[in-house]
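A.B. asks: Residues per chain, in single letters:
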Amino acid sequence: MSGLSLENVTKTFGDFRAVDDVTLHIPNGAFVCMLGPSGCGKTTLLRMIAGLEEPTAGAIMIDGKDITPVPTHKRNFGMVFQSLALFPHLTVGENIAYPLRIRGVAQDEQRKRVEDLLALVQLPGYAGRPVSKLSGGQRQRVAIARALALSPRLFLLDEPLSALDAKLREAMQVELRQLQQKLGVTTIVVTHDQREAMTMADLVVVMGNGRIRQAAPPIEIYRRPADAFVADFIGSTNLLPVETDGGGRAVVLGHVVPGLALPAGVTKGLVSIRPEDVQLSQVADSGLPGRVTFVRDLGGTIETFVDVGGGTTLVAVTTPRQRGDIAAGAEVSVILPAESCVVVQE
Amino acid sequence: MTEIRKKGVSRRTVLASGLAGAGLLAMPAILRAQERSLKVGVYGGYFKDSFDKNIFPEFTKASGIAVESVAEPTGEAWLVQLEQAARAGQAPADLSMMSQVAMLKGQATDLWAPLDLSKMPNSANLLDRFVSKYPDGRVAGIGAVAWYITLVTNTQVYPEAPESWAALWDPANKDRLGLLALVSNSFLLEVTAKTFMGGTDALDTEEGQLKAFEKLAEVKPNVRLWYRDEAQFEQALKSGEIPMGQYYHDVTGLAAADGHPVRSTFPKEGGILDSGSWALSRASQKAEEAHVFIDYMSQPAIQALMSRKVGTAPTVKRELLDLTDEEFAAVASDIEPIIPRYDLYQTKSDWLNQKWTEMIAG
Amino acid sequence: MRREPPRRIADYAPLAFPAAMLVLFFVIPFSTMIAVSFFRRQQGGFYTPDFVLDNYGRFLSAFFGGVLGFSLMLAIMVAVICVAIAFPFTYLLTKSSRRVQIVWLVCLLSILSLSEVIIGFAWSTLFSRTAGITNLLVAVGLMAEPQALLPGFGAVLTAMTYQAMPYTILVLYPALVRLDPTLLEAARTLGASPLRGFFDIIVPALRNTIMATLIMVFVFALGSYLLPQILGRPQHWTLSVHITDQAIYQSNMPFAAAMAVFLVLISLALVGLTLLVGSRREVT
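Here the protein sequences come in this chain order: A, W and E.
The opening position of the first sequence corresponds to residue 22 in this note's numbering, with each subsequent residue numbered one higher.
The opening position of the second sequence corresponds to residue 11 in this note's numbering, with each subsequent residue numbered one higher.
The opening position of the third sequence corresponds to residue 83 in this note's numbering, with each subsequent residue numbered one higher.
Same shape as in the complex, but just chain A (with noise of 0.2 Å):
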C-alpha cells in the first residue's frame, strides 16, 4: 500500500498512554492536518513518523515497509519544529545547506540549492544573514526550506505557525497550502488551531486522550463530526440530549423534531446543531419554546442566547439580514431544522 500507514500504534509513558492504538493511512501526496486539544497525543505520535520518539507498540510503514527500527538520520523525512531549531551559529544559507553538507553534496551544488530553496519561500539573497536577524516569518520560512532542501519522503511540521501573530499565520497557512500544492510532497501538519486545519488540510484527523476520534476531510469533520469530542471541538455547536419516543422519532426536551431519526438501535444520544443552522421565529408553531436571555450584535454576525429550559441555553448565529429584530426578553420558537443536525453519542 502506498503512503504512509500506522498500525496500532501506542505510546505509554509510564502508566500514561500518551497514543492509544492508533491505525491511519495517509496517501501520497496528501495534507494531512492533526488537530486536537494540548495533550491529546498529536505530536507525540508525530515524533513517533519521525523517528525522534519508539513506539511501544505497532509500527509505522512507509509503502508497505516497516520503518520503525530505522533510526531519524536515514528516515528522510523533513520536519519544521515549533521552536524552529535554526542553528544559532550557522547563517540563513549554512543552515538550509546543512543537510546537503552532510550528503556531501558539492559546495556550487549546495549554492545553487540554497538559492531555489530561498526563491521557493520568497527570501531571495538572504543565504548570508545571521538568522539572529530575521523576522519572526522570515525565521519560518527558512525553517521550511532547511527542512525541504533534501527533498523529503514526507514533510511534518509541529505547530509551525503558534509563534507568529494572527494576520501572518493566516497569510502564511495559505502559503505553506500552496508550495505543498507545487512540491506534492506528503505533508503532516500538527496544530491546536482548527482554522489553521481547515483552511489547509486535505484530511484532519482529530484526536483525544491519544485516540483518533476522526479522520476526514475537513468540510466532513465540519458537517458530520463522528463524536460530540469531535462535534465540539471543531467549532461551536449546539448539543441537546436526545431520545426517541414510542415511534421512533426523535424528541429532544420534549419536542419532536421533524424529519430526524436515530439510527437504528440508538434509543438516545445527543444532537449536534450549529449555531448558524439554527432558525429562530417569532411566530408560535411547532418549534421548541424558548425565551431570548442575551443578544450579542458583532455588527457582521449577531448571536441569540435563547433558554429553551430544562437548564439547556441554545446559540443562534444570523446575520443581520436574515433575522428580524429580536430584543433579549422575546418569547421565540427555535426551529432545528433536521437536515442540519447530526446526532451523536458522548
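These aren't lab readings, by the way, just hints derived from the structure by calculation.
In the SDA-like style, the derived pairs of lysine to any residue whose C-alpha atoms are separated by at most 25 Å in a straight line are:
#1 K358(W) x D132(E)
#2 K365(W) x F152(E)
#3 K365(W) x F120(E)
#4 K365(W) x V343(E)
#5 K154(A) x R289(E)
#6 K225(W) x G148(E)
#7 K248(W) x I215(E)
#8 K365(W) x L154(E)
#9 K230(W) x G236(E)
#10 K358(W) x R139(W)
#11 K365(W) x R122(E)
#12 K225(W) x A212(W)
#13 K221(W) x R315(E)
#14 K248(W) x L219(E)
#15 K184(W) x L231(E)
#16 K248(W) x E227(E)
#17 K143(W) x G99(W)
#18 K221(W) x P316(E)
#19 K358(W) x M335(E)
#20 K248(W) x F203(E)
#21 K225(W) x D214(W)
#22 K230(W) x F146(E)
#23 K184(W) x A213(E)
#24 K358(W) x V134(E)
#25 K95(A) x S275(E)
#26 K230(W) x K278(W)
#27 K63(W) x K319(W)
#28 K230(W) x P316(E)
#29 K230(W) x G147(E)
#30 K95(A) x P170(E)
#31 K184(W) x T212(E)
#32 K230(W) x R315(E)
#33 K289(A) x E360(A)
Simulated restraints on C-beta separations:
#34 D180(W) x L142(E): 36 to 46 Å
#35 T212(E) x P231(W): 15 to 25 Å
#36 E227(E) x A227(W): 25 to 35 Å
#37 G372(W) x T356(E): 22 to 32 Å
#38 L219(E) x D180(W): 28 to 38 Å
#39 D214(A) x S179(E): 26 to 36 Å
#40 D332(W) x L142(E): 52 to 62 Å
Just so it is clear, the structure is predicted and the values come from calculations on it, not from any experiment.
For glycine and all other residues, C-beta sits at the position ideal for the given N, C-alpha and C.
Got chain A; can you put chains W and E on it based on the hints?
C.D. replies: Relative to the frame of chain A, chains W and E by itself:
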C-alpha cells in the same frame, strides 16, 4: 588554604596529639597573683602547649615569677615585630625563642640585650655551641631547645641501618628518598660538605658552595619526594613507599615506638642539629627576671625533663644529666653533630635559594 | 513606575556598598601587591619602600620562563581536558531524569567541599605503590606487581582535573539545561547521526559557553599550588608554588609580588587574546 606547611617547628604539631594531649587546654597563660612577671615568646603550637603545661608552672613555683607566654608567629614576622617594637621602646615579649638565622639577623641591629653569664651560674652547664655571641664576644642568646634531623629508613626495606649520609648518593637507592624541599630547612649543603668535602668550612667560599651544589645534584635521581609537608613524608616512610630520607629524630623514634617499621640513624658524619635560642629584647625592662628564667632553664634537671616530656635534645653536657642511655638516645647522640651554617642563610639566602631551586627543579 | 536618572549625590548611594567592597577586597590588596613588587628586598626578610625593577629582573630568566611556560601549559591542559570530559557528560546529564540529575549534582557539590589538601592526599594514596590502584590491577591479573604512579606529571594532571571537574560541570550545567533540545533533533531529521549532530550543532552553538568555561578552569588551575607539590616532582612545580616559596619560606615579598603580578598580567593577556579571537570569529 592550608596550615600544614610552616617553618621547621611545625613538625611539632605532628606530635601534639600524641604527647601534649590535655596540654592543649592547659594552664591559663597569665598568672596574676605574683608581683614579678615575665613575658616569654614561644613557637606557637606544640612547643607553647608543652611549655605551658610542663615548664612554666614549675618555674613560677620555684622562682615566684609569673610567666605570660606569647605564641610567636612563624617565619621572620616575629623578628620584624620585635625589631619595630624595640625602636618604639616596646617589647611584645621580654624573652623570645628565636631560630639561629633570626638570632644573627637580630644581632645585626643590636636587637638582643647582652646577657650576663655571671648572673646565670647554670650557664656553665651548657655546651659551647648553645651560647650565641656577638662578634665582639657579648652573649646574645642561650640555647632553648634543640632537635636532630637524621637519616631515617624503613626497616622492612632496609634490614641493615645505613651508616653514612653517603647512602643518599648510592645509585642503588634510585627514586627512594624523601628530602626536605628548602635549602634553609634541609641543610643538605652542610651534609654534603661534611660527608664529601671535609667539613662545613668548605662552604666558606662561593666556589665551595658551588662544588657542594654540584655534588648534591647527583642525589637528584634518587629523590622521589622533595617535601614541605612532614606528614606526607612520614606517612610514605611508614608504609615503605619512600623508604629512606631525612627526618626528625625524636618523631621517628616515637613512630618506631608505636610499632611502625621505621628507624632513625645517626650517620657517622653526625645528625643535623638545629636549635632555637632564648634572646632578650633590648626594650625589655625585665632583664633580671629573664636571667632567672634562663638560669632555671639551663639546669640539667630541667633539660632532662624537657628531653623526656617535650622530646628536645638537651643543651647541657651529657655527664650532668640523669638521662638513661635509652632516654638520651631517644633525643640525641654523642656523635659530633653537623651544625648548619646559619651565617650563610643570613648573608646569601637569596643566592642560595635561587641556586637550590634551579638545582632541584631545573 | 519609571526609573529616574540619578541627579544628586545621594542617588548614587546604593552603589556605595559594592564599590566599597570592590575597593576593600580587590583594589587595595592588588594595588598593595603591585606597590610591594617594586620595593627593595632586604636580604633576610625585610623590605623597604622604594622603586626598583630588580624583582622583575630576577624573574626574567630562562629558569622562571620555563616555570611560567610549564604553569600555563598545565593550566591549559587541565582546562581542555576538563571541558572535553565535562561537556558531553553534562549534556548527557541534562538528558537524564530529574532524580539522576539531583544525585549527580549533590555528589559533585560534595566534591567541592573537599579541600585541596584532602584531594592531594587522597590521590597520593591512590597512586601509591603500597596502597594504590595498581594493587587492584595486580589482583585482577592485569599487572605483575604494584607500581607507584607518583610523583609525576600524570598524577598532577589527574588530581587537578579531578579538582576542577565539579566547577566545570556546574558552570556548563545551566547553559546546557537551557539549550533547546530540538536543535539536535532537527539535526537528526536533517540526516545527522546523534554523534555528528552533537559535534556539528550542539558544540558550536555553545561556543561562547565553552570559551568562558575554558577560561574559568584555566584561571582556577593556574592558582593551584598544593597538588603539584604533593603529586609532582620539582620540575612540575608551578609558578604558584614558587610564589608561595618566596612569600612564606624566603620572606621575599617583593619578589613574590613581582611574580604574582606577572602571572596575573599573563593570564589577563591570554584571556583577552582568547576573547579577541572569539569575537573576531563572531563577526565574520
